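For the protein sequence lines, the chains are B and G, in the order given. The numbering of the first sequence is the working numbering, which starts it at -5 and goes up by one. The numbering of the second sequence is the working numbering, which starts it at -5 and goes up by one.
FYI, nobody ran anything at the bench for these hints, they're computed from the structure. Please read all numbers here as calculations on a predicted model, not as lab measurements. Mixed in with the good hints there might be a few duds.
You can't tell identical chains apart in this list, so a pair holds if it fits in one copy or across any two.
[Unchecked claim] List of simulated lysine-lysine pairs, DSSO-like, C-alpha gap at most 27 Å: (1) Lys37 x Lys61; (2) Lys61 x Lys(-4); (3) Lys56 x Lys(-4); (4) Lys56 x Lys37; (5) Lys(-4) x Lys16; (6) Lys7 x Lys(-4).
2 protein chains.
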Amino acid sequence: MKTFNAKINVTLKKSVLDPQGKTILEALHSLGFQDASDVRAGKHFELTLNANNEIDAQNRVKEMCDKLLVNPVIEQYEISIS
Amino acid sequence: MKTFNAKINVTLKKSVLDPQGKTILEALHSLGFQDASDVRAGKHFELTLNANNEIDAQNRVKEMCDKLLVNPVIEQYEISIS
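Go ahead and model the full structure; you've got the sequences and the hints to work with.
Set out below in structure tokens:
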């Protein structure tokens, strides 16, 4: 058993409207950041887990996403294991 | 001017208690994920911006974090530009 660190980014699917991102973009513009566009807001999780190898760890985290962390109807996710 | 994609992960500083992460960890344990520990919950932003080069883009996003996206008292952030 080795210890792995997992980072998970959860974002709304492209087809889903993101009012939070839109509000942040407006705030950025009003602060003078005219060069920014297309802001999307999401969630970030970091966790530690024990697994035999990196592939097991990846699969285990994928299972956590599917069962608890992510709403597959409106959200997508990416996992990085280190 | 080139177009860059920025990804920003905002997490609570290690010294700050994370009740959301603790609750998620308890939920994971009750779902049978005993192999997980140390869950930290945070925010994730993705945005597009125009800049002359990658260093300018990085600095610009850093400025956005310092001015709007991050509360430096309790949060830390990491930026990746592509």
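Okay, the hints, checked on the actual structure:
Taking CA atoms no more than 27 Å apart as the test, Lys37 paired with Lys61 passes in both settings, with 16 Å inside one copy and 20 Å between copies. Proximity of Lys61 and Lys(-4) under a CA criterion of 27 Å is satisfied intra-copy only: 23 Å inside one chain copy versus 39 Å between copies. For the homomeric pair Lys56 and Lys(-4), the shortest alpha-carbon distance inside one copy (18 Å) is at most 27 Å, but the shortest distance between copies (34 Å) is not. For the identical chains of this complex, Lys56 and Lys37 are neighbours both inside a copy (15 Å) and across copies (19 Å), given an alpha-carbon limit of 27 Å.
In this homomeric assembly, Lys(-4) and Lys16 come within 27 Å of each other (Cα to Cα) only across copies, at 22 Å, whereas the closest approach inside a single copy is 41 Å. For the homomeric pair Lys7 and Lys(-4), the shortest alpha-carbon distance between copies (25 Å) is at most 27 Å, but the shortest distance inside one copy (33 Å) is not.
No hint from the list above goes unmet by this structure.
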